[in-house]
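Hey, can you work out the whole structure from these sequences and the hints?
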Amino acid sequence: MRVGLLVTCLIDTMRPEIGFSTLKLLEAAGCEVVVPEQQTCCGQPAYSSGDRKAARALAEKFVEEFEGFDYVVIPSGSCGGNVKTHYVDLFSDDPAWLARMQRLAPRVYELTDFLQNVAKLDKLPGEGKSAAVGKVTYHDSCCGLRELGVQKQPRALLDKAGVEVTEMKDSRQCCGFGGSFSLKYGNISSAIVDEKCANIHDSGADAVVLGDLGCMLNIEGRLRRTGDDKTRVLHVAQVLAGDI
Amino acid sequence: MQVQSMHFKTRAGQKLADQRLQQNLKKLSTKFVSGRASAITELDDFEGTRNAAIERRMRAIENLDVWLETFEKKATSQGATVLFAESAEEASRLVVEIAKKHGVKKATKSKSMVSEEMALNRALEAAGVQPIETDLGEYILQINNNEAPSHIIAPVVHKDKEEISDLFARVHNRPRLTDIPQMTREAREMLRPQFLSADMGITGGNFVIAETGSVAIVTNEGNEGMCTILPPKVHVVVTGIEKVLPTLEDFATVMRLLPRSATGQSISNYVSLLTGPKREGDADGPEHMYFVLVDGGRTGLIGSEFQEMLRCIRCGACMNHCPVYQKIGGHSYGWVYPGPMGSVLTPSYAGIENALDLPQASTLCGECHVVCPVKIPLPDLLRKLREKQVDMHLRPAAERIGLTVWAFFAKRPTLYRLATKIGVRFLRMMAGGKKTISKLPGAGGWTDYREMPAPSGKTFREMYKERR
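Chains as they are written, first to last, in our numbering: chain Z, 5 to 248; chain S, 138 to 605.
To be clear, the hints were calculated from the coordinates, so they are not data collected in a lab. Careful: at least some of the hints might be erroneous.
[What the hints assert, rightly or not] The calculated lysine-lysine pairs, modelled on BS3-like cross-linking and capped at a C-alpha distance of 30 angstroms, are:
#, chain 1, residue 1, chain 2, residue 2
1, S, LYS572, Z, LYS188
2, S, LYS548, S, LYS602
3, S, LYS558, S, LYS548
4, S, LYS146, Z, LYS188
5, S, LYS558, Z, LYS57
[To be verified] Selected chain S positions facing chain Z (Cβ under 10 angstroms, derived; list incomplete):
#, residue
6, LYS525
7, ASP528
8, THR551
Bear in mind the structure is a predicted one, so any value in this text is a computation, not a measurement. Think of the CB as a built atom: it goes at the ideal place given N, C-alpha and C, for glycine as much as any other residue.
Here you go:
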């Protein structure tokens with residue numbers, strides 16, 4: 005199984021270690037992983053900001069780089085959602101590109117969806133390391149949940165790794181990140197993330213686990229600003245790979 | 138109503154700082170969100186019902202002219218007068234003319250958001266007609282100096298009981314009450330003489346039914362009945378042209394979804410279907426019945442990429458579930474319709490340049506789309522409005538330049554690699570020995586409220602190359 009990995013721009017720059025945890029998991033699942041060297045960003049910032057032209061250019065770039073693989077795996081719900089569900093919109097006026105995308109789309113997977121439903125990984129590298137992470141709660145990132153149906157997959161994998169998840173209240177409620185929304189309307193965004201932080205605290209968890217860098221930076225940033233230096237914010241790949 | 142959406146940022150800031158409002162807005166999730174969640178489980182086939190409702194609403198909208206004509210013929214044959222208004226202002230003028238024609242001095246009103254578009258109360262007052270809001274929420278707002286509603290189905294959701302107790306005591310000039318049944322009784326005592334002395338009743342219309350020429354009105358208080366079958370000589374229905382449904386069966390389908398999605402009720406306390414004025418032998422009913430059907434920008438959406446917005450049934454589920462609405466309330470949005478549906482409708486009806494913040498002020502989390510009973514792809518429509526803003530050069534220069542520069546690099550892998558290499562090292566340097574950055578020039582929107590978690594200082598791809 006030849007898998008192309010889209011590292012995503014935020015993991016590439018902000019949290020490279022999550023990229024390595026992802027590699028470890030895919031290799032444990034027996035995949036031959038290729039990281040295309042020319043990759044940059046899937047174009048979601050442009051698409052969400054209404055810059056269709058730039059979004060389209062980056063979508064073409066993505067298709068060219070990734071259509072040769074058996075599968076494409078993305079350790080992020082929002083980048084995954086952008087590629088899998090929105091690229092077809094960007095190509096809607098161009099039958100040739102649209103056809104290429106339609107052939108590619110079914111082979112594009114969010115990481116946990118891929119590990120659980122395609123690779124069917126049962127023996128996780130992080131197994132037996134649950135003590136290191138303590139009590140865990142899971143935040144459902146919006147795009148992964150609502151565009152890709154990622155909800156049971158990360159929980160099933162965490163369970164296989166022996167990590168017990170204590171659900172927080174409203175785990176599927178948005179954390180208030182919303183890409184450039186968090187910069188343009190920082191005050192509204194922080195009011196929303198405050199509620200998320202309160203729910204995380206009320207769950208009594210030592211760590212909140214999630215599958216998206218945007219939510220991760222937002223929640224971690226607000227927890228630290230409000231004086232919580234203890235609650236860990238971890239990507240699900242780190243926990244499953246045992247890199248904790 | 139005048140558009141105030143350009144003041145979104147200021148207003149939202151004020152609302153966030155209003156602790157009492159923040160407390161009051163919690164009702165949305167405790168009451169409406171959980172109410173809907175349990176009410177939809179009563180339907181054997183919720184998805185099937187939604188799909189059927191979509192089909193029935195779109196059948197009407199795709200042939201709107203045909204169904205409006207069918208409705209007009211049927212309603213006219215039942216003795217009603219059907220008038221069409223191209224703009225909200227024209228609709229207001231028509232209602233005022235009807236009032237003048239029948240010598241109306243006082244008009245009772247049941248809840249109507251379209252009448253808010255029309256600024257109808259102001260127009261009536263200017264013409265010497267006293268409008269009396271009779272929906273409890275709208276009544277509270279009217280006696281509070283004509284405050285605007287902050288929600289389409291729960292207009293006073295932003296207020297708590299204590300505020301209303303104070304208001305009643307002051308305006309009614311009676312001892313202050315705190316028991317809700319007693320307070321509503323007092324409001325009824327105030328409204329009863331108004332119902333009895335009104336010359337005209339104005340109602341909204343949740344839908345108008347083409348095959349019967351009827352208006353369908355959904356309420357919980359029964360005030361629409363008091364407005365229309367108590368003494369008034371004249372009943373005027375004001376609603377949008379997109380509210381037509383071909384058949385009663387269509388209405389039945391939509392009604393399985395509307396109260397459940399709105400308030401979490403299986404059915405509202407009252408559902409009225411009113412057809413024509415009083416006939417010979419009828420015990421009650423108005424002598425004259427008018428329909429004022431308002432376009433007000435709606436036909437502009439037909440055939441456009443925003444057409445799906447027209448199938449909205451005005452349940453309010455999108456705002457109840459919106460993380461942004463839940464924090465800033467309805468008044469921040471600055472026009473008639475708040476929340477996600479309002480952020481699509483306001484730019485569409487009141488001008489895209491007058492409401493630049495609204496399509497941007499969304500996290501695009503998608504929950505509005507998930508809960509919309511007729512599955513309007515609200516996040517997609519908001520995104521399309523953002524595209525329109527870009528196409529019309531309505532975005533600020535800094536944002537445009539920022540995106541252009543970013544896209545320039547993202548399209549050029551070699552340059553991008555170099556830029557990110559420098560970028561992460563710069564951020565690492567900004568953090569010093571710390572794990573996070575507390576102040577970052579140009580990113581105040583972030584660092585005013587949050588720490589910026591610092592990167593480790595090398596990109597994944599650099600490290601990957603080194604390790605292979």
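_Earlier hints that do not hold, by number_ = Hint check: nothing fails, all pass.
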